[in-house]
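**Student:** Please work from the sequences and hints to get the whole structure.
Same order as they appear, the protein sequences are chains A and B. Here the first sequence is numbered in UniProt numbering, starting from 1 and rising by one per residue. Here the second sequence is numbered in UniProt numbering, starting from 1 and rising by one per residue.
Keep in mind the hints are simulated off the structure, nothing from the lab.
One copy or any two copies: either way a pair holds, since identical chains are not told apart in the list.
Lysine-lysine pairs mimicking DSBU-like chemistry, simulated, CA-CA at most 35 Å apart:
{"no.": "1", "residue 1": "462", "residue 2": "54"}
{"no.": "2", "residue 1": "173", "residue 2": "584"}
{"no.": "3", "residue 1": "387", "residue 2": "536"}
{"no.": "4", "residue 1": "237", "residue 2": "4"}
{"no.": "5", "residue 1": "237", "residue 2": "24"}
{"no.": "6", "residue 1": "562", "residue 2": "400"}
{"no.": "7", "residue 1": "371", "residue 2": "173"}
{"no.": "8", "residue 1": "237", "residue 2": "584"}
{"no.": "9", "residue 1": "174", "residue 2": "584"}
{"no.": "10", "residue 1": "419", "residue 2": "387"}
{"no.": "11", "residue 1": "449", "residue 2": "400"}
{"no.": "12", "residue 1": "562", "residue 2": "174"}
{"no.": "13", "residue 1": "314", "residue 2": "21"}
{"no.": "14", "residue 1": "462", "residue 2": "387"}
{"no.": "15", "residue 1": "21", "residue 2": "237"}
{"no.": "16", "residue 1": "54", "residue 2": "21"}
{"no.": "17", "residue 1": "54", "residue 2": "24"}
{"no.": "18", "residue 1": "426", "residue 2": "449"}
{"no.": "19", "residue 1": "54", "residue 2": "4"}
{"no.": "20", "residue 1": "208", "residue 2": "562"}
{"no.": "21", "residue 1": "400", "residue 2": "536"}
{"no.": "22", "residue 1": "449", "residue 2": "371"}
This structure is a prediction, so every number in the text was calculated from the model and none was measured.
Residues per chain are reported as follows:
There are 2 protein chains.
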Amino acid sequence: MAKKLDPTIMQDWEIAAEAEKSMKPIQQLAEEFGVLTEELLPYGHYLGKLDYRKILSRLVDRPNGKYVDVTAITPTPLGEGKTTTTMGLVEGLGLLGKKVSGAIRQPSGGPTFNIKGSAAGGGLSLCVPMTEFSLGLTGDIDTITNAHNLAMVAMTARMQHEFNYGDDVLERKKLKRLNIDPYNPAIGWAIDFSAQALREIIIGIGDKMDGFMMKSGFQITVSSELMAILAVARDLKDLRSRIARMQIAWDRKGNPVTAADLEVDGAMTAIMVKAMDPTLMQTIEGQPVLVHAGPFANIAIGQSSIIADRIGLKLSEYHVTESGFGADIGFEKFWNLKCRYSGFVPDAAVIVATIRALKMHGGGPRVTPGKPLDEAYTSENVALVEKGCENLIAHIENVKKSGITPVVCINHFYMDSEKEIAAVRKAAEEAGARVALSRHWELGGEGAKDLAGAVVEACEEKSDFRFLYETSMPQKQRIELIAREIYGAEAVSYTPEADAKLRRIQDDTNLASMGTCMVKTQLSLSHDPELKGRPKGWTLPVTDVLVYQGAELIVPVAGGIKLLPGTASDPAFRRIDVDTETGKVTGLF
Amino acid sequence: MAKKLDPTIMQDWEIAAEAEKSMKPIQQLAEEFGVLTEELLPYGHYLGKLDYRKILSRLVDRPNGKYVDVTAITPTPLGEGKTTTTMGLVEGLGLLGKKVSGAIRQPSGGPTFNIKGSAAGGGLSLCVPMTEFSLGLTGDIDTITNAHNLAMVAMTARMQHEFNYGDDVLERKKLKRLNIDPYNPAIGWAIDFSAQALREIIIGIGDKMDGFMMKSGFQITVSSELMAILAVARDLKDLRSRIARMQIAWDRKGNPVTAADLEVDGAMTAIMVKAMDPTLMQTIEGQPVLVHAGPFANIAIGQSSIIADRIGLKLSEYHVTESGFGADIGFEKFWNLKCRYSGFVPDAAVIVATIRALKMHGGGPRVTPGKPLDEAYTSENVALVEKGCENLIAHIENVKKSGITPVVCINHFYMDSEKEIAAVRKAAEEAGARVALSRHWELGGEGAKDLAGAVVEACEEKSDFRFLYETSMPQKQRIELIAREIYGAEAVSYTPEADAKLRRIQDDTNLASMGTCMVKTQLSLSHDPELKGRPKGWTLPVTDVLVYQGAELIVPVAGGIKLLPGTASDPAFRRIDVDTETGKVTGLF
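**Tutor:** The structure is reproduced here in structure tokens:
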């Protein structure tokens, strides 16, 4: 590259803009990745979708590469750089001469236009082109918005027609009366913005041709069950049948009304076809990165798609995927849900740790976004770090329970001291993990060589991968297992409602065997974001249980879920603009 | 093509599927069209966007080709084949060895999933790939939905924050109090489906962080002012300034609150950047077709974009564009709005007529979609045709008032008799038009050679193009001019409300000079859809006047406008599905 890229004096968008001048054209990127011309659907000069069907059927007999998950310790509210580390590790493995690919989620328009901050990594560990990444990419989220809302159109129009027409008319049109319960909507509409004014609404005001009056609401598209489905669907057939089972409403007898009941499942799938192909991007050092799906990390698996990983594993020696939130949530879902659905056996997991977060777990003062860090975080304090390592150790132990090798990545910050780093290294190694200090943010692949080397070594170790539970285990027993073994809870409590729901689920063989997808804060190993370190002697309170039949997830809720964030009073959109001479978008990052 | 394509025994989708087997790859199509590699942004193998900025700056000095508009007589509710004729004419000109391109609108998801029917032409005059055309194409409509809804997010979040926070907090965040009037919303949200349940809604129910409770609603995306703007914007700079002027709300003193006031105009433009590039498709005979924008034909110009025509005129000898509705609306808006904004001088206008519609205007029985045609339409009835030609003559006279040459295209149906055709030919020629019988539906370009020849001749005639009015003419005078001269009204009446609005508009020099964009039914030359032929002695009732500051349109309303259609009780989505083995969408057309 012409200009020296230095993250200590350049913003991420400046680095991206400079790096984008020497991006590989998508055809070259795809060819180097091993994709044939007819398997690449270019979207402009630097983005493309990969025809998953063609690639996977061509490579059906090729063995998979090594499979690496990137997860993290319990983070501060600032985040500890998981995506940055994912990109850095891909760059580092590339620099070691390995054929490597990465996989990350597509960001939602909600945060992009509300709170500043890219989800494309940072420093010299970035995914480009960055503007396109932030502004809708190849349209998958819009596709999901549309398919989701078509289900709602079908539901609300059906309610209107059943209300207005007699049985004779319905019969003539071959419509069975579904008797949808207007007082108990199963889902609402989707929009990919932080539109809090649409959280709770009344629809169908007006005349008898203007719908049926009832309460409704919107959720952010990335929280839609369709997004959860896209992340886990194995192929189009699987997608089709999952969409058919999606519950859109309840009838007045309390039975689920599905997309298939509304005869809209085929059309929803038709809309979704193009979303099944992952998007190909690149790190600023030119390695391929797959971007596909962006489900929530609470009510869904919170990681990019199985299809993207299928492609990456076929085409690369090392495929690095990222799971959302801390390892107690993200890795646990990667392990027991994503790998179970995909059938893939991971080889290693990277646990990203920062000295900053460890100090917080050791008792450091509260870390608040937008406020300057307390001195405890900017000057040496080995005692805080040592104490905080109990959180890291919990995550190391958890990863080891899956039978694969943990690699702790100390994501280096300039204010970290040698002694602090040594303390982490000691604690992690004693807990049985490999450890690497990594300076990928500052130096890109060059700074991640140690990490990459440690990951290569970890992947060479014999893996003894096993699930935490079998699907024959009752849901309640699984919840208790996850709570005790992974979170370190002493017990689990249930509200009577949650208890009753779990009993009904257990009585239904179909539901009983579905995956268990916990909802809990990522800011603590416990359900209480205030409890840092490795909390002991606490009880996990399960207040509700959701059922996503299409995604095949039973979702025990031990924390608040907000499916539609709000826009702040000083949102990012105020500063976003376009240079009308060049078409370049400014102020996005 | 391997298989003989016969529309008398094949459905449109079967023809498209067969023709798509020998489609030109997008790179070849673009190259033959004269687009350079770096100016093409491929979207898969058979679609691409054209970088309008690069193309137009490269060809700034190249003279424009001939400019042909396709319009129609007053149609039956079945439509008379304008898009089919546009495609057929492009194919016919191609067969004559002319370098030709077409331009049509992108269809909305509302009709696609509700009422069967493609907007890609028909028979052997089709635009392909057809599935992509119907299912969101390259995402422009989604982009408009997003940019529109971001304005609503900005408005509703601002109302909440102004309600919740004192002046001190607002001042600290550098937010001026806008005092938006919750009782008088200027616009609502956008969705591209026929979601009648969202027409009238109440939003912001819940707590003080869940928005501000007020009435709101949704409109279909293609009716958004942003879509109207996309169709007329000359370039990105023009788009940026039009978006800034878009009115989102009224304040409590009755002043407009614009996107610029909400500081969201830059971000909206950022979202829209990619929508500025038209999409390139092809006829089934391989000529280029530009698809760009799809605004309503009532509250907007109802035709594809100026940018698409700019590109077509630079790259082709003949560029054929289509205007929505009958010539009284579509051609009048093409003439006095689109050509005024673009500065282009058209060379000819094709008026599509069918024997069927002429019989209806001559007094034939009502034509209703879904019901079999009356015998009057399926057997010879020269008298009805002769009588009905008065409607055709009105449209011919109107086109002649613009100073360009009308070409009547008799869009041939198998039941048309020689005598009926001769009657139309005689009437049209006497009214001063060229006439061609065209069998493009049945035979493609081969069937449109006569039409193409007539268009070439018409383009050779000296054009004396002039606007119906100058922008210095007061709005009321223009309305009366259009009503009398184009529609044949005897007078215009105004409700007191419309009258008062027109007076206020006239007092504002900025508004007074904006374009006049009439709203009226297309099913009659008058405002009353029941009046067929060439109605006399009637008064046009103007009931309201809308102002679109961004699109620069003053919209006098002489008829109902529904900005959000409803989904029928037997919608098309019931029959749409996907072959999960091949990914092929079925049941769409």
